[in-house]
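Chains R and V, in that order, are what the protein sequence lines are.
Here the working numbering is used: the first residue of the first sequence is 1, the next is one more, and so on.
Here the working numbering is used: the first residue of the second sequence is 1001, the next is one more, and so on.
Rather than coming from a laboratory, the hints here were simulated on the basis of the structure.
Treat the hints with caution; some may be incorrect.
Claimed, not checked - Using 30 angstroms as the maximum straight-line C-alpha spacing, the simulated DSS-like pairs for lysine-lysine come out as follows:
#, chain 1, residue 1, chain 2, residue 2
1, R, K66, R, K106
2, R, K164, V, K1104
3, R, K221, R, K367
4, V, K1075, R, K225
5, V, K1037, R, K225
6, R, K164, R, K106
7, R, K176, V, K1075
8, R, K152, V, K1075
9, R, K344, R, K439
10, R, K73, R, K92
11, V, K1075, R, K221
12, R, K367, V, K1104
13, R, K155, V, K1104
Said to hold, decoys possible - Here are a few chain V residues that face chain R, going by a calculated C-beta distance under 8 angstroms:
#, residue
14, V1011
15, A1028
16, A1059
17, E1069
18, T1070
19, M1071
Idealized CB from N, CA, C, for every residue including glycine.
The residues making up each chain are set out below.
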Amino acid sequence: MLLTDHNSVQRNLSALVDFSNLINSTLDIEFTLNNLLLTCFGKFHTTKGLVALTDGNNELKVIASKGFSDKVKNSFPKVNAAEIENCKELKKFLDEFNLPICREIKSSNKTIGVLILGERLVNRKFDNDDNEFINTLLSIAATAIDNSIGVKKLKTLNRELDSKVNQLSSLFDLSKEFSGILEIEMVGKLLVYSIIGQMLVSRYAVLTCDENSNCTILDSKFDYKLLDKALTEYSASQLTEVVKGKKLQEDFPSFSNLGVELLVPMIIKGKSKGIILLGPRISLQTYSRSDIEFVSSVGSLAIISIENAKLFKETVEKQRMEKDLELARNIQRNLLPNKIPKLKSFEIAAFNESARQVGGDYYDVIKLNDGKTLVAIADVSGKGVQAALMMANLQAFLKSISKQNIPLDEATNLINDLVSENTVMGNFITFFWAVLNEKEKKVTFVNAGHNPPLLIRNGEIKKMKKGGMILGVMETTIPYEATNIIVESDDTIILFTDGVTEAMNKLNQEYTDERFEELLKRNYSKSADELLKTIRHDVLEFTQNAEQSDDLTALVIKVL
Amino acid sequence: MADFNVNVRGVGSVNVIELNGYLDAHTAPMLESTFNKLIEENNFRVVVNFETLNYISSAGLGVFMAYVETMRDNKGDIKFSNMQDNVYNIFDLLGFPMLYEFFKDESEAVEKFNEQGLNK
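In isolation and in its complexed conformation, chain R is listed as follows (with noise of 0.2 angstroms):
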């Protein structure tokens, strides 16, 4: 008896020495379990047994089991590791399957799983031998799966760190690529790229939106006209947080309907700038916390990015206009006239100030033979370099009909039907020229629908209309008609454009006609010069230096 007892103890210790070096010589659970499962069928003669370990909520989950079937083994109950003992399910699973054995495995006395053992086929009862036997065998398996389990946890956490070392080196190449772009469509696609590649997902969208909260497909995988529709009815200023899940449902229903999923705005001082809409991810996993996050920071380097090319953009395209300003200035400046021809009997003085804009006025002043010279006085519809072009066009043919010793009326038809052969719809030049006769003492004048020039004689003022239409509209059918005046010692004649009697104060007033007679019945009696200067010093007075919309012309001629 005493040999027998001493044979199974030396078996026992050797079959316990060598589960002992086998499941410490692995972290793999299964092999653990499988071996604690085998261990325990060599030495007990059973068929069946299994291992369930506690999970997350501490609830019991087969891992392990041989000779069970399927049926079996999906039947397990629901038990709580804490509620082992008192569990009636459990007790009704043991009854119903005939499972004799079944025992807590515990490490550092929190229960970590059951193993639990059918009938042994030989017959016999466990003893208490075999009670202390399964002790011995679990405490030293309770380590081993215990270190597994950790094992385990540390893979998936490691896993879980790599993937974040992965968003975040991501993260740092967009940033570097991100900062040097320009082009508004490729910072797109490389935020798009990004995305689909980290979250593995097929479809998507990506918004900008602008100052009015309006947003505009860059890129969509979802059905165009539907977004755009879609897009109708909500404003990016509703699109201030991420969405996803059920609040999208509910809340966006159109977005939710061409199957986005998550909707991540991308924002810029609290104002969405752009929105990411994806959809399902292949893997049919929903976006965890840090799936957003990384969105979120993507399309914070990217919004980042696209909005600097839109400023970028925005800048070229101001200095592009203020070189057609500058260009347009310098047209200007080189077709008026640098030099006021000195008469004998007429005394000339001009002036001419370009708006920011560069409005389209000209004037002239060129002597003819005969003791005659031309005086004109235009302003060109339009603004820049279109009208600094008409102007150049005009005084081109001014100088060159100027030559052919038409009389003025004849003259004005011509040039009437050049410039609208060569001015393009809607275009049009307002007109004023005269001939000054110095022998004759007459002026000459044609007025093709210019604000009339004045001619002040003894402080009464008459306004030199008469002429016909304005330049460009349509080629000659009404020929011009020619006034002559013959004029006397100290009459004043003062051609202008509207820029004068239209200049603007700050509050958005006019200067007016009144005013502008008014201050010519005052000071008629002045020389030209002295007259111009009163003129210009009035204006200015009036629009304090209010920056003019339109250019100011003025040319003052005294019959001396």
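Starting from the structure of chain R, add chain V where the hints point.
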């Protein structure tokens, strides 16, 4: 900037894209234009050989996502082969093996296309 280049060669009815160097946000457009060209020429069966690719960023991964549907819609596919471990880890981490077939060797990937071709 890191070096990257793409080379395409035909192996029967399959086109093999060889990637070399660093595929990141900066170099992704090169791969993109390669795919565009293949699609233009109606080549939808693609094996990407990663043997000499040392690094891939998520923007690089995105390119594969962007084109796989077009390939599959046209009875083709993008298959991966000869990936270095560090590169594979990134694909694995992001769940690509769920979507794409990975092969140890280019010839296996090409063979897979040919088998499918016979069954068609």
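Practice task
Report the numbers of all earlier hints that the structure fails to satisfy, in ascending order.
Solution key: 3, 6, 7, 8, 12, 14, 18, 19
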